[in-house]
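S.K.: Take a look at the letters that make up each chain.
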Amino acid sequence: MKAQLQDKDKLNLAPKRFNMWIFIFTSFMFFAALTSGFIVYIGGKGHALRTVMPQAFVYSTAVIVLSSVTMYLASKAAKGLQFAKQRMFLWATFLLGVLFLVLQVYAWYVLTFKMGVFFVNPNASQSFIYVFSGMHLLHILGGLVLILISLVSAYRKTPQVINLFRMEMSSIFWHFVDIIWIYLYVFLLLNQN
Amino acid sequence: MSTLAVQDHGVGQGHHDHDHGHHHHETFLTKYIFSQDHKMIAKQFLITGIIMAVIAMVLSILFRIQLAYPEKAFPFLETLLGRFAPGGRLDTNFYLSLVTIHGTIMVFFVLTAGLSGTFSNLLIPYQLGARDMASPFMNMLSYWLFFIASVIMLGSFFTEKGPAGPGWTIYPPLSALPKAMPGSGMGMTLWLISMVLFVASQLLGGINYVSTILNMRTKGMDLWKMPLTIWAFFLTAILGVLAFPVLVAGVVLLIFDRSFGTSFYLSDIVIQNQQTTFEGGSPILFQHLFWFLGHPEVYIVIMPALGISSEVIATNSRKPIFGYHAMVYSLIGITVLSFIVWGHHMFVTGMNPFLGGVFMITTLIIAVPSAVKTFNYLATLWRGNIRFTPAMLFAIGLVSFFISGGITGIFLGNAALDINLHDTYFVVAHFHLVMGSAAIFGMLAGVYHWFPKMFGRMMDTKLGYLHFWLTFIGAYLVFFPMHFMGLDGVPRRYYSFTEIESLKQWVSVNTFITWAAILSALAQVAFLWNFFYSIFFGEKAPQNPWGSTTIEWTTPVEHIHGNWPGEIPTVYRWPYDYSKPGHDTDFIPQTTPFSQTLASNLPHDFEDNPVSLEEHKQWVNTQRSSEKEVK
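Which chain is which? The protein sequence lines are S and B, in order. The number in the working numbering is simply the position in the first sequence, starting from 1, with 24 added. The number in the working numbering is simply the position in the second sequence, starting from 1, with 502 added.
Same shape as in the complex, but just chain S (with noise of 0.2 angstroms):
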């Protein structure tokens, strides 16, 4: 009785879940606040934006676009008990992160040295560029972090529950960075006149 009881206690993992949920809000908070803060700014002295988005960023979004089907993918052989599948995809994803991270910081590269749009700058409508995509990389990097964990998992004998359960986190996690960099990139495209 007394091992049963905190085994259900220990696979209780609904909670747990649920805390990557409010998780998102708080993060939605923060992304909704900068661009909130975005359109005070712009509101206030007449700046506006005035920048054409680098082509960089169109490749970028494509490519996290693609390691969301990649993460879909992985989720569902996992749940299939496909394991070499599930780490195969998983790998896709993380790669495909890591490419995302990189081309963000080409487009840095390409506004700062191509474009004079700096991010110390008189205008600080185009200060928001950076600071949007910095902030959201910093998720990306977190969302690196959980797909490494759940990769370690697929790779060890962890129990099907809790490696199920932490491709779950991840990718419900994983899910949401990528709808946040489509939000903030058609936010930016939608005020870049």
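Rather than coming from a laboratory, the hints here were simulated on the basis of the structure. These figures come from a predicted structure and were not determined experimentally. Check before you lean on any hint, since a few could be wrong.
[Unchecked claim] Capping the alpha-carbon separation at 35 angstroms, the derived lysine-lysine pairs in DSBU-like fashion look like this:
id, chain 1, residue 1, chain 2, residue 2
1, S, Lys103, B, Lys721
2, B, Lys533, S, Lys181
3, B, Lys541, S, Lys40
4, B, Lys541, B, Lys727
Keeping the supplied structure of chain S fixed, place chain B upon it in accordance with the hints.
M.R.: Chain B alone, transformed into the frame defined by chain S:
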């Protein structure tokens, strides 16, 4: 008698007896330091909060001395503070730092972390019937981030130029330009680092609270059977989870302005006759981001206190809380409204008068749920069998402060009157009563009430009375005269009023306030002695010292890991069955099924359960007919 089917209830069945504590090998380190047990984390939060409160109180006495005797030198200040009080008079910049750090510590470290951290951690698992929080590890992390934040905040006193000085609201440009004044330098940087850690701690805590409340309630504990404390903690946690990230966003931009040279908040700045490169920023943007957190923050401070006093007042009036549903709906109303009133802090920033009008209306609407709560407290007290325990006195004190401070809120929330009143001592008086004193009294009520649960011992009642009356009278003597100063236009945060001809007359009032403040500060010694002495030498507490209905009092006095030795009790009724007519004791615990209280059951108890309602009616009829037979 036994025509009703007796409901099965799994309380206290002997063969389930097992002790979770024996399973773990606890060392000093895992038990007291890196504890993941919600009860221990609650105590850690409480004691850290008390230490921070004492420090912040001492800071306030230091600047009160300056305000009372602006011309006098006090050699002991130089001994105590060194270069911050040359010649025994407070340095002007250090005065600003004192005000800033007093505000920051009190609002965030004491009344947010100390209050929510202590009582959410203690009561959420206890009153809901959970073994621990959703994620005990996150909970531990939450405390330690808070601790590190506290250390960094206090550490800023040891920097060369002293702690942050731009006020607890850290408005740029003052906070964004390290060279603007000594308090904008290293101290400000440490303030920002400390606050980022603090917010991380609050988010970890808040996420845990929400998740635990929604997922880990015991059998039978539906949302409408939760004590009002839990409702208050729940909505507070939601507020925190939604509002704190916005502060982080504002602070991140501020850090970029300070350290990287961006111009989010800065424009046309001249320092020492030199034009800086900042251009095009808007300091108002910071105020929007700050107050979008800042206003919910004051409800993060007061709502747990309101929840605690609901519980304490109902228990000690031996009456059900008046208007339980109304209490919950007003908490929800306050939560929602608190997000759309932040503009009332910014009426005089050149805001469009129409927008100011909108914020004024939403602000004044908050008075409605607040008044509902106040009247419900009064109605609960009305004709109750009141037990004046120290906790009860503090809860009543909260109601008193909430009324007298709340009324001035109606004036301040008015966009036109605010032109005259903003940034005066009227504001200081208002928020020190309505959220400062009220929230502190709620916290103290909680400490006195749940001390037996936390430490297994009782606090001394007589010292509690002494503490209450000195603090209660002292707080009114400190903050009430400030209203009149504010109406006369005396501005807040000024170093010395003797420099200004029209304000000189207020020095005598300031002297009076300072002595009242010293009196109330000394009164806290009674509390501190009582608190720390009782932890070790207090009278041993019985299991349910206040005759409470809630289920934290069904746990053993000796703490065990997992809270209940056997199965977690099932809950059958709401938490406010006090003095129910027809029952032999004046309280019925939540764990008592209706089948055991046939004589006191009411049709109302079975509103959502037609089968039991029918059985109840049958039972009443049988009773009546047997009574007739007797006659």
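S.K.: State for each hint whether it applies.
M.R.: Against the structure, the hints come out as follows:
1. Lys103/S x Lys721/B: Status holds; Cα separation ~31 angstroms.
2. Lys533/B x Lys181/S: holds, 31 angstroms
3. Lys541/B x Lys40/S: holds, 20 angstroms
4. Lys541/B x Lys727/B: holds, 22 angstroms
The earlier numbered hints are all upheld by this structure, with none contradicted.
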